[in-house]
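Protein sequences appear in the order of chains A and B. Quick note: the first sequence uses this note's numbering, first residue 1, plus one each step. Quick note: the second sequence uses this note's numbering, first residue 1001, plus one each step.
Possibly wrong hints are sitting among the right ones.
[Stated by the list, open to error] In silico DSS-like pairs for lysine-lysine, Cα to Cα no more than 30 Å straight-line:
{"no.": "1", "chain 1": "A", "residue 1": "Lys171", "chain 2": "A", "residue 2": "Lys193"}
{"no.": "2", "chain 1": "A", "residue 1": "Lys11", "chain 2": "B", "residue 2": "Lys1021"}
{"no.": "3", "chain 1": "A", "residue 1": "Lys69", "chain 2": "A", "residue 2": "Lys162"}
{"no.": "4", "chain 1": "B", "residue 1": "Lys1050", "chain 2": "A", "residue 2": "Lys171"}
It should be emphasised that the hints constitute simulated quantities derived from the structure, not laboratory data.
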Amino acid sequence: MAKVLVVTSGKGGVGKTTTSAALGAALAQLGQNVVVVDFDVGLRNLDLIMGAERRVVYDLVNVVQGDAKLAQALIRDKRVESLSLLPASQTRDKDALTPEGVERVVGELREKFDWIVCDSPAGIERGATLAMRHADIAVVVTNPEVSSVRDSDRIIGLLDSKTARAEAGDKIEKHLLLTRYDAGRAARGEMLKVDDVLEILAIPLLGIIPDSEEVLRASNLGCPVTLHNPASAPARAYADAARRLMGETIEIVVPIERKGLMSRLFGRSVA
Amino acid sequence: MSLFGFFSRQRTAPVARERLKFLLAHERALDGRSDLAAILQEEILAVIAKHITVDRDKVHVKLDRGSSVSTLEIDIEMPGAPDLKGG
Ligand SMILES: Nc1ncnc2c1ncn2[C@@H]1O[C@H](COP(=O)(O)OP(=O)(O)OP(=O)(O)O)[C@@H](O)[C@H]1O
Ligand SMILES: [Mg+2]
Chain A
1 MAKVLVVTSG KGGVGKTTTS AALGAALAQL GQNVVVVDFD VGLRNLDLIM
51 GAERRVVYDL VNVVQGDAKL AQALIRDKRV ESLSLLPASQ TRDKDALTPE
101 GVERVVGELR EKFDWIVCDS PAGIERGATL AMRHADIAVV VTNPEVSSVR
151 DSDRIIGLLD SKTARAEAGD KIEKHLLLTR YDAGRAARGE MLKVDDVLEI
201 LAIPLLGIIP DSEEVLRASN LGCPVTLHNP ASAPARAYAD AARRLMGETI
251 EIVVPIERKG LMSRLFGRSV A
Chain B
1001 MSLFGFFSRQ RTAPVARERL KFLLAHERAL DGRSDLAAIL QEEILAVIAK
1051 HITVDRDKVH VKLDRGSSVS TLEIDIEMPG APDLKGG
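Required output: the full structure, derived from the provided sequences and hints.
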């Protein structure tokens, strides 16, 4: 049975697109047939993060509006065979996506893929609600910071009320993915701890992605971080999260700071 | 900066945590995602408990939402001889 997974957050810039690419690639590497779909119409970026920006011909809006066939718009990844991308369009027309059109396209994707990973735009408007509309599973991307936690709480409320599943009286599976986690700052009491966020949001934890320069490096090269440097801390955290989505039980380890006291003192004096 | 300040100034996360817990309890209630009367009951109890010993079941909070007027009824039954703490 195909699964539709939405990567959502409310707040912008917390790591949804990074997560969509990394989780999509990791699931594909586990042998799953995966499509990552960019719902950020007008601000598409998933193509760039996946390194497919020069191969975009047709996009989601073309398919939704019936101007292109799904097969014409899908871009197959050059590194992982079972990974595809459905890009967003750059149109400024806010109403380019219709609820009926999105429902039809998601239905078609369900027939072709095991996982449909929907990269949601920020906000709680039409774009975000359309991205979550047909989801079976939601990954709520949250940074350990007050405004991100508050917005995630809003999004959790929408997932429980505005999705097709919620309206039919079914449960939608929700997972928290804590990203840009800085173990040192959490230990020093400068940043919310994992337990704080879990207690407040009260949904199960899918993983903790450390704040890492590897993520920027991977995006510079147009390669999901899980493919670019699989041994790096963020890549391993994303790969474990993908396995958990597949039903494996893998213990979640809270990252701890590796720096010694001296480097911390010096590190602070220049900051 | 004093040595004390050097070590204590950074611990702002606990404040963030408390602010969030308080804020989200109210936002969830406004969304109809949780019961405002229950939240108020807990918070009122906590405030009273600082000064007076009262039973949980002696504090009643009732919220009636009408189309034009909503009422909030708070009924606290005090012990016969107030047992004031720290008095
Ligand atoms: N774990 C991480 N470590 C370091 N930087 C990160 C991490 N995750 C994301 N970033 C950086 O944060 C920025 C925002 O990431 P991203 O584009 O994935 O967020 P988004 O939620 O999709 O944003 P938007 O809401 O605008 O769509 C990018 O510069 C990205 O490289
Ligand atoms: Mg994005």
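Structure-based check of all given hints:
{"no.": "1", "hint": "A:Lys171 - A:Lys193", "verdict": "holds, 28 Å"}
{"no.": "2", "hint": "A:Lys11 - B:Lys1021", "verdict": "holds, 18 Å"}
{"no.": "3", "hint": "A:Lys69 - A:Lys162", "verdict": "holds, 28 Å"}
{"no.": "4", "hint": "B:Lys1050 - A:Lys171", "verdict": "violated, 40 Å"}
In the structure shown, a violation is registered for the earlier hint numbered 4 alone.
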